[in-house]
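Undergrad: Produce the entire structure from the sequences given, and follow the hints as far as they go.
These protein sequence lines are chains A and P, in that order. Counting in our numbering, the first sequence runs from 901 upward without gaps. Counting in our numbering, the second sequence runs from 901 upward without gaps.
In case anyone wonders, no lab produced these hints; they're calculated from the structure. There may be inaccurate statements among the hints.
Put simply, identical chains are the same to the list, so a pair is met inside one copy or across any two.
[What the hints assert, rightly or not] Derived lysine-lysine pairs resembling DSSO-like cross-links, with alpha carbons at most 30 Å apart:
id: 1; residue 1: 1315; residue 2: 1011
id: 2; residue 1: 1215; residue 2: 1014
id: 3; residue 1: 1053; residue 2: 1215
id: 4; residue 1: 1215; residue 2: 1015
id: 5; residue 1: 1014; residue 2: 1064
id: 6; residue 1: 1068; residue 2: 902
id: 7; residue 1: 1053; residue 2: 1011
id: 8; residue 1: 1215; residue 2: 902
Residues per chain, in single letters:
There are 2 protein chains.
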Amino acid sequence: MKTNTVEDLLEQGRDARAASRILARLSSNIKNQALLNIAEALETQQDEVLEANEIDHRSAQSDGLSEAMLDRLLLTGDRLLGTAAEVRGVAALPDPIAETMDMTTMSNGLKIGKKRVPLGVIGSIYESRPHVTIDISALCLKSGNACMLRGGKESLRSNTALAKLVRKAIGDAGVPEDAVQFVDNPDRSLVDAMLGMKDHIDLLIPRGGDGLIRFVAENATMPAVTGGIGVCHTYIDRGAELDMAARIVFNAKTQRPSVCNALDTILVHVNAAPACLPRIVEELTAAGVELHCDHRALSILGPQSTGGGESPGGKILPANEEDWGREFLSMTAAVKIVDSLDDALDHIETYGSGHSEAIITEDYSAAMRFLDEVDAAAVFVNASTRFNDGGQFGLGAEVGISTQKFHARGPMGLKELTSYKWVIMGDGQVRE
Amino acid sequence: MKTNTVEDLLEQGRDARAASRILARLSSNIKNQALLNIAEALETQQDEVLEANEIDHRSAQSDGLSEAMLDRLLLTGDRLLGTAAEVRGVAALPDPIAETMDMTTMSNGLKIGKKRVPLGVIGSIYESRPHVTIDISALCLKSGNACMLRGGKESLRSNTALAKLVRKAIGDAGVPEDAVQFVDNPDRSLVDAMLGMKDHIDLLIPRGGDGLIRFVAENATMPAVTGGIGVCHTYIDRGAELDMAARIVFNAKTQRPSVCNALDTILVHVNAAPACLPRIVEELTAAGVELHCDHRALSILGPQSTGGGESPGGKILPANEEDWGREFLSMTAAVKIVDSLDDALDHIETYGSGHSEAIITEDYSAAMRFLDEVDAAAVFVNASTRFNDGGQFGLGAEVGISTQKFHARGPMGLKELTSYKWVIMGDGQVRE
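TA: Here's what the structure looks like:
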């Protein structure tokens, strides 16, 4: 499975398609055995992967990659054990392909229902984390899909070793090795070619930064998952309970600031602000959060608040126009005072990315309006936006979070990697 | 709403988007009143529409359109009453937007569910039938979507009059008139522009022939419904019951031969052919069906069968390679003898279009394998493929039949014009 040319890539696509037809009909037992084999190999055959990763890591160091990037690239024995445990978790999930839905008997006696089927071949283009190679392979196998993976240049050796391990492990379980295709050539022209392979790839999942996701969304000829960009607001209504508001905002911003469902902008109702804003700001800055506040928030916080440049906590700075609609992915948040729920809704409609939005309120009508009117993948009342996650929503696992409305919205788990066909069982019915 | 330039088209797109936000939140009562107003206008204010249609029709006659095309274009008082009755039918269907699905309480007390929401703005590009203007408008309104319609050149005046009637009727019910946008300029450059409006149109539905559907699928920048092309097989297994096989094949081919779910190719197991083929062929040819048979079928039918050129019924001709995988849309079918279920499955995989496929059998294992292994929107055992239809499947109405796996497959009814958002109701939960 050496990918040298576009013709090799197309051949991998054809192999994946052929394997997908077999995979679609394999029993849960065989698919689960393949997953358990992958887990076992990750636990007991780490040497080749760790050696490859060491070369990748050293090369990335000498290329001057940032510490954060280097850490994302790094594999260790423990990290591989963690990944193996996740694969065992996927094996333990129910098989989505076993399901037939909505089977009913029509008045003419026809039994009509929908049988869940895999999408076919899932493509994924991702950046440095080699973990994604295992993650996407496992979720695709469980949902009966073949996959075609193209990882980042920095992790090429690691990914190649992982893909080899996966193919061997699934082959031993009776799953065609061709169900997992890895593009082991980092040439950019192959990415362009992959985006054009709509006859071979049924869905493309980009995993990585803003730039990659936009590039895939704009250039893929097949459906692609648009998502991963979360400009998330938490609106503290005038009817908010102060302790709850402070706790939720603190969690949404600080529990894991680098991810898409972390809080970016705090909107505060003008009547709630005098009581709650100083406390929330104090807690956040004490934890090291930098706050970009509009002038009304600054005037509530008082002139001394912006002088804290010397304090150990986070700074308070005046917000500028670019702070609205900005995904910080760090210990920074914007703060704005609004005059009403309507103003909050307008701000979210204008600046939100349709990912995760929350209101904190004890006012029933405000809560209902927020749930009805905010157009986002996940809309929260009195809870942290950090819950927008496949695991937290009970899906077991996820390949990503979709912010589009077509096919699947929000966390995409195993079922979201499937389609259905109508099955009709008759005993001689004809149409009148 | 005069569409002169691409800039006008973009303005219509913006107007549709703005209207869609209002429409998404309207009560079922208001949407249903809008539909009843449309029906009433079609019943009582026919003059302007019929006059416009007469001009269209006369102009199409002098342009030399075929009788079939002229008939599709023609509106009459009775046809408008029929359309009005269909719109009343849509008003009577349950509102898909009322539904919240899978609401469960997680162990941490969070209530999590999915609320059904409209897709937003639906575009449709269609050919001569002016009926589609009403049909798509009604289904979009009911499902809370705004729409942007571009009909065929031949029916421009009819469609313009119908769109005017619809906008007035919905405006009287309190629905924004801008929820229905009609492109009243037949210039092709505006079609190209429409295909690029992915920020204004969330889903594009082409309605018409093969060429239009392919053009939209290849050039649309937003998701488009791929479908409407049905190369439909009925396989008569060696375990088939003869009377049932004859009845189903006859119905699938002759009940309405011009539509996508009509039978195209009859596959007959070699062991079943001697008993059933002569009878089926006799019944079909007597009804005027022309049959293109492979050489093995011809030899079973005997030399005299191909001499029937003078008889009043349909001819029997030798099949050629182009007959496999051909959508006849007429009183013609291809006939092929196969040696096994596997050969039938291979033929369907090679030549089918993933639309509607049927097996006639009393053999349990053959039925199960056919249901599991055929990759099509609808797979039938012992029933006519003509049942692949939103009405017959209990969806109430349909905008078309999708042969793609993404988002919706098979008949697309009201629910298939929707998405969902996750709604989460908490009482202060934060993520650990």
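Undergrad: Taking 30 Å as the upper bound on the Cα-Cα distance, should residue 1315 and residue 1011 be classified as within, between, both, or neither?
TA: both (23 Å within a copy, 20 Å between copies)
Undergrad: Checking residue 1068 and residue 902: alpha-carbon separation at most 30 Å within a copy, between copies, both or neither?
TA: within (15 Å within a copy, 63 Å between copies)
Undergrad: Quick one: residue 1215 to residue 1014, C-alpha cut-off 30 Å, is that within a copy, between copies, both, or neither?
TA: Answer is neither: 56 Å inside a copy and 39 Å across each miss the 30 Å cutoff.
Undergrad: Up to 30 Å between alpha-carbons, please classify residue 1215 paired with residue 902: within, between, both or neither.
TA: neither (52 Å within a copy, 54 Å between copies)
Undergrad: At 30 Å max between alpha carbons, let me know whether residue 1053 reaches residue 1011 within a copy, between copies, both or neither.
TA: Intra 52 Å, inter 42 Å, cutoff 30 Å: neither.
Undergrad: Given a CA cutoff of 30 Å, do residue 1053 and residue 1215 count as a within-copy pair, a between-copy pair, both, or neither?
TA: Answer is neither; intra-copy 37 Å and inter-copy 63 Å both fail.
Undergrad: For residue 1215 and residue 1015, with the copy left unspecified, which applies at a CA distance of at most 30 Å: within, between, both, or neither?
TA: Cα proximity of residue 1215 and residue 1015: none, with 56 Å in one copy and 40 Å across.
Undergrad: How would you label the pair residue 1014, residue 1064 (within, between, both, or neither) given a Cα cut-off of 30 Å?
TA: This pair counts as neither: shortest intra-copy Cα distance 36 Å, inter-copy 39 Å.
Consistency note: the structure conflicts with the earlier hints numbered 2, 3, 4, 5, 7, 8.
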